[in-house]
Amino acid sequence: MNARRIVGPFNRVEGDLEITLDIADGKVVAAYVNSPLYRGFEQILQGKLPADALVLVPRICGICSVAQSAASALALADAAGVVPPPNGRLAANLTLATENLADHLTHFYLFFMPDFARAEYAGRHWHAAAVERFRATVGSAPNQMLPARARFMQMMGLLAGKWPHTLSVQPGGSTRPLQSSEIFRLHRTLREFRGFLEAVTFGAALEEVAAIESRTQLELWRAQAGGGDLRLFLEIAGDLDLWQLGRGTDRFMSYGCYNEGDRRLFPSGLWHDGVVPLDIAAIAEDISHAWYAAAGLPQHPAAGSTLPVAEKDGAYSWCKAPRLAGQVLETGALARQAVAGHPLARDIVEAAGGSVAARVVARLLELALVLPAMERWLTELAPGEPWCIAAQLADETSGVGLIEAARGSLGHWLTVRRGRIHNYQIIAPTTWNFSPRDAAGQPGALEQALAGLPASAADPLPAAIHHVVRSFDPCMVCTVH
Amino acid sequence: MNPTDACGLQYDGEASGGLLGPEFRAAAGLPVINVAGCPPHPDWITETLAMLAHGRLRAEHLDDFGRPRFFADQLVHHGCPRNEYYEFKASAEKHSDQGCLMEHLGCKGTQAHADCNQRLWNGEGSCLRGGYACIRCTEPGFEEPGHAFEATPKVAGIPIGLPADMPKAWFIALAALSKSATPSRVRENATADHQLRAPSVKRSKK
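Taken in sequence, the protein lines are chains A and B. Position one of the first sequence corresponds to residue 1 (this note's numbering), numbered consecutively onward. Position one of the second sequence corresponds to residue 1001 (this note's numbering), numbered consecutively onward.
Source of the hints: derived by calculation from the structure; they are not laboratory data. Just so you know, these numbers come straight off a predicted model, no measurement behind them. Note that beta-carbon positions come from the ideal geometry of N, C-alpha and C, so glycine has one too. Take every hint as true, because none was put in to throw you off.
Selected chain A positions facing chain B (in silico; Cβ < 8 angstroms): (1) 39; (2) 154; (3) 170; (4) 179; (5) 384; (6) 386.
Go ahead and model the full structure; you've got the sequences and the hints to work with.
So this is what it looks like as structure tokens:
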């Protein structure tokens, strides 16, 4: 029996999301992902003073606000030709890392895991444990995680004044010089967060988790005593075979992030059966299936436009369809770690590509990888040395800011004419992952990952569909902005 | 630029009206409560909801723009740790300087209604403590200030936006007086990113 079903609005995702599923013979034959809310930040930015972008762009999003600030500061720094002093670079790393780790934690505990407490899993041997830990509003896990997250976010009070919507992240560095006693307070906060992760999330030292090199080692580790929520998830993932669920394009992109002076903690690249350098010039945004006025062929974002139209034949989303040399890409923690060459991430994608379990494990792996780096950056801060230099913009200039938000690759493309913003185009991580079809008819990454899943025309949709959608940790307000 | 025609529920900028109109009252008899701020402090939201749930928030507890007075009857300036710099008009000239942010870097903390520097954000933060201007985000129309957010507009060297309730002539006279009386410690520290001179230590006479 054939049917068309609309799923949405989704709870436990950031922003508005609606998915249309064409179902035949008990399976999803085609998925159409719709971002139903348009806001117009790129239009609002036109004509503004370039520095005012730092005030406006974080307000695209209440959860990845610093990522937007960081991309904007990088674009402005590129346009001004300035490089922040080491303290400014380290403070920017610490601020972005705090937000990214908090987002990973929130996704796992509040957005993703509650689906395993659903009644349809009542017969599974792990169900009682999942209900006790993760059932929405009453599970024991959120009551442990929320205070730990709030305490961790106090990093932002010292590093950035406040979160969200800080102005401390500037093209020339940080507005917030830290003194030694304050740096020790930040160490204390990190140590407390490490304690939470090691006791509650991993049941193991972060370094032990970071050292896991393969899927086989991961399963051996799971079988050890120690408890922790990752082990519970791995038990569920094995039982439900989430390692085979929700495969996308298997082309993974990362812009790279966390500037360490002569290198980045996670380098940039494109993984597809091996890593190749990323050619940013090959990015183009296709609007054939999005509600925007056609400006001819797909355009590179530096020359892109955002001209909303309410009616357009064939369009079904406000999300554009970014492509790299015409290819659909997946971005996020799994992509970042596969590109960066973490052995576990490489082993997973080489064996079975992207999957629900792979995406979730990569996020938790990043908690174990990035927190020790934050501890190192804190020790490298040098009170008394400069934190911020001036950044003077020419009246005619342009710049690009590329960073990795929690959810993946975020790019800002800025053009300044006569001292004002002439064009400002943004491609957010979920714009890549949740893009609609392009002119060649290629579905986006989530659309591909949903195709083939079991579904019926009348019965409640299986939780598997929710697992796949949420495994990407979508941020819909950033997607369209 | 407002491409989506977004507006407030009961105000459009300073004008009463908005989506629901000025006469709208909810079932409990209250107008729309504007928990202002971009973003609002999370405590402002939870305390507003808790007060409503306990019947402790009535119309007289809202100010002229429908903001709960428990946070809107304060100024961001209250509790600012840069107060000594403000008193002596010892001003920051660039980002990461320790001085007052009002004269050059666009700070509107003396005009913005909120308790950010008493309640604090994320434990021990605020915009001013973070080294950047208050942009008045709890006030109607803050999003289009008509000047660069992080620069102070001036006429003849005098900031256009004066502290709340302060007559202009007084401000000018006091500013001139306090500038002439600024201790060198305060003046030097104001344009540095760390303390160059500590307050002097005096021993009591025996």
